[in-house]
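Those protein sequences? They're chains A and B, same order as listed.
Position one of the first sequence corresponds to residue 1 (our numbering), numbered consecutively onward.
Position one of the second sequence corresponds to residue 448 (our numbering), numbered consecutively onward.
These aren't lab readings, by the way, just hints derived from the structure by calculation.
Idealized CB from N, CA, C, for every residue including glycine.
One thing to keep in mind: the hints can contain errors.
Claimed, not checked - What the simulated footprint calls covered on chain B by chain A, stretch by stretch (three residues with Cβ under 8 Å from a Cβ of chain A suffice, anywhere in the stretch; the number is not a length): (1) 523–533; (2) 749–761; (3) 771–777; (4) 809–818.
As the list claims (entries may be wrong) - Here are a few chain B residues that face chain A, going by a calculated C-beta distance under 7 Å: (5) R563; (6) A707; (7) M746; (8) R804.
Claimed, not checked - Subject to a maximum C-alpha distance of 30 Å in a straight line, what follows is the list of computed DSS-like cross-link-like pairs (lysine-lysine): (9) A:K220 <-> B:K468; (10) A:K446 <-> A:K411; (11) A:K280 <-> B:K858; (12) B:K797 <-> A:K217; (13) B:K727 <-> A:K411.
Number of protein chains: 2
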Amino acid sequence: MNDPLEEIFNLIKERKFKELKELISTLHAPDIAEAMEESSFKNSLLIFRLLPKDLAVEVFSHMEPPYQAEFSQLINEEELRELVNELNFDDKIDYLEEIPANLVKKILKNTPENERKLINQFLNYPEYSAGSIMTIEFIDLKKHMTVLDSIERIRRIGTDKETIYTCYVTDRSRCLEGIISLKELILASEDTKIEDIMSTEYISVNTLVDQEEVAEKFLKYDLLAMPVVDLENRLVGIITVDDVMDVIEEETTEDFHIMAGMQATEESYLDASVMELYKKRFPWLAILMISATFTSAIMENYSALIASMTILSANIPMLMGTSGNAGSQASTLMVRSIAVGDVEFEDILKIIWKELRVSSLIGVSLAILNFIRMYVLGKYTLALSLVVSATLIATIMTAKLVGSTLPLLAKKIGLDPAIMANPMISTILDALVLITYFTISSYFFKL
Amino acid sequence: MNDPLEEIFNLIKERKFKELKELISTLHAPDIAEAMEESSFKNSLLIFRLLPKDLAVEVFSHMEPPYQAEFSQLINEEELRELVNELNFDDKIDYLEEIPANLVKKILKNTPENERKLINQFLNYPEYSAGSIMTIEFIDLKKHMTVLDSIERIRRIGTDKETIYTCYVTDRSRCLEGIISLKELILASEDTKIEDIMSTEYISVNTLVDQEEVAEKFLKYDLLAMPVVDLENRLVGIITVDDVMDVIEEETTEDFHIMAGMQATEESYLDASVMELYKKRFPWLAILMISATFTSAIMENYSALIASMTILSANIPMLMGTSGNAGSQASTLMVRSIAVGDVEFEDILKIIWKELRVSSLIGVSLAILNFIRMYVLGKYTLALSLVVSATLIATIMTAKLVGSTLPLLAKKIGLDPAIMANPMISTILDALVLITYFTISSYFFKL
């Protein structure tokens, strides 16, 4: 995969610009964008100047948004305006969202009034909403048209459309009446009326719907594109599958980062500066460290018990580790099940009942295993072995119940469920483990 | 979203089958499949019998594979054979992979010899390879055809194809020469020759390439379909974007599960039985619990130290928690960066250098915070506060380095990087924390 990149760098080094121009014209836009991102600004600009105009626009649209913003400052205002004007509407919006407001103004200076209005409307859709990822470049048809009329219309206006494979049938007030795929058009006879073959049972979303919900529908119904309507069912845009795949990648990365106790980051690891990485990671680590002070307080509270039986403390790391692992199994499973739409809040009782059974089975099995390790194979007393095993059962069951229900509760009150599979849970579970363990020990050893 | 499901259940309860039939015919196949999966077998069969044949096939293809296998046993052999014969080729393969070999034989009994051969070839592609997710239902064109010829060919053979939006140009020995999109065909003039407008710089994969790599290419190049070729560049199938989205969902779920110390599961949470969930979760918990015995051994080794200074043990949960959190931040970031193709093994030195700087910054910041908490605000001695802070710096740096490099090493030797973001790492880190802490303490307190 890296060969074309290396070749580009070599040709630049040897200043063979004619060969470079030839090579570049055979490459795909995403690969050229990648080469530019990995080059110095000087070489990046050099590559850019060698690109034919159409390809230059495509390459620009494939750059990562932060790099787009940086790159914008390398070229002059006139060049930039031309470039941005040629972008697909949704790429244009993505770009304008990324750059400072005064640059947006400059770029839109010569844009016609009605397009500028539209752009401003799009820039105002909430982040992560269907409105923020849709495009206006779709094919609209009328239901009285014939298949032949429609194909002619597609021929006439199709070039700049994001997709021509799904067409949208609207009435005079732009309300969506049906959709029809190009496949259906191609396979139908030429004089068929659109209203006779269009599908009226289509899947659509409102502009304000969260992009995660959009992604779920694409997955469930195997869509290539989806219409976005406003509250009066007027068609305002469409979302295409390539943008949805980017959304899924982003949302998944966000979940992973949240679950590891980091703030979500859009930049790729190698591009992020040390300070940026520090800022994403430090806050949660600090919060968690301070929260863990509770565990120290609990241990100090039982310091007499520990002093009289130091062997007690030797099992604490194992107990905390096991309960944390059991909890994170349950919470991860639940976060993922919520994300792919397998479970909902209404299932909570079923889930609690299932987890009660699974966790008691696991708790008892691990307790037996632990008892064998400590008492049968090890040198521990019967009493201590029983105490540790009993603590295992109690804490595993707690961990599983807490881990599986908190993500559902988070979702219910409008939070991201992934927050509840965050290390915060382990810290809470650590405290619960210590309290349980010391309570059982005090009781058992009558201390 | 649940309303149609509820309506179905109500109509069944009231035995209003005519209304039920009407309602069902207005629903989308994925919704009907969902309703059937949530019904009793009896009602599921009832819904199925009310479906028009075409819709029945589509509904069947939208069932989860384990449910497909169960459902197959409800209908008679003749019905099943008819149903399976009507499936899209890739759905047929997916289904046949799921059911027992003797049932496969029965179903294929009346299949023509050459199709049976093809099916057996597909069933033999390695799991998770490009070959295992492709379909043979594509449009092939010849380069000497005109646009009009091509569109006529698409009209003639397009009905059963998985996609008609990308067409594949092959030579006499079925080698792939170029691809052309239906958009290009529609927008070109009718007498243009295919060879003049087809694209020869297409993205393709070999049958044996891992499905994750296929998914990465779809994401990078915004593809709707991708040709799959054998070692002689003969076109053997295509992969469509809807199947790739399912692959991404599966692979992501697998990563989440592995990272939480569970065996990956294909079934949805609510469908999985208690015993299945137990089997997925118990092995790792047991392994991790046994591994944690090392931590007990280390603590026992230092029991004299702990007995003389019980206050030492009070900081252990906080130290282990913080190091575990720091490690899982780094490993999660790395696993995700590898999965989306942001970093490769070759970047390892850059990564180590970056993590050294980030982790020393974080280590020092947390150490200062901890020192303030213990010495300035708390009632701890200067010596203990310094020991705990020094341990924090050392263990955070270790955790970050271990967490960020192990996933890369795993990838290098052909393992799933997610395994290295698994709780096993925390267990190793726990042991390292204890050793570091007690070593520093012994030295500092001259014990």
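- prompt: Are there three or more residues in the stretch 749–761 of chain B whose C-beta lies within less than 8 Å of some C-beta in chain A?
  reply: Coverage by chain A holds here, the residue count being 7 at a Cβ distance below 8 Å.
task: Mind taking a look at whether chain A covers the stretch 523–533 of chain B? Criterion is 3 or more residues with CB to CB distance under 8 Å.
output: violated (count 0)
message: Closer than 8 Å Cβ to Cβ for three or more residues is the test here. Does the stretch 809–818 of chain B pass it with chain A?
response: The restraint on the stretch 809–818 of chain B holds, since 5 of its residues have a Cβ under 8 Å from chain A and three suffice.
field: chain A covers the stretch 771–777 of chain B, three or more CB atoms within 8 Å, holds or violated
entry: holds (count 5)
message: Next pair to validate is K220 (chain A) with K468 (chain B); report whether the Cα-Cα distance is within 30 Å.
response: Holds, at roughly 22 Å.
field: Pairwise hint evaluation, K858 (chain B) against K280 (chain A), where the allowed Cα distance is 30 Å at most
entry: 25 Å, holds
- request: Would you mind confirming whether the straight-line C-alpha gap from K727 (chain B) to K411 (chain A) stays at or under 30 Å?
  value: 25 Å, holds
task: Tell me if M746 (chain B) is really an interface residue toward chain A, meaning its C-beta lies closer than 7 Å to one of theirs.
output: M746 (chain B) check passes; min Cβ-Cβ to chain A is 4 Å, inside 7 Å.
Cut-off 7 Å, beta-carbon criterion: hint that A707 (chain B) touches chain A: 4 Å, holds
query: Going by Cβ atoms only, is R563 (chain B) closer than 7 Å to chain A?
result: Constraint on R563 (chain B) not satisfied, violated at 28 Å.
task: Assess, step by step, whether the Cα of K797 (chain B) is no farther than 30 Å from the Cα of K217 (chain A), and give holds or violated.
output: 40 Å, violated
- request: With a cut-off of 7 Å on the beta carbons, see whether R804 (chain B) makes it to chain A.
  value: Holds, because the Cβ-Cβ distance from R804 (chain B) to chain A comes to roughly 5 Å (cut-off 7 Å).
In this structure, the hints that do not hold are numbers 1, 5, 10 and 12, in rising order.
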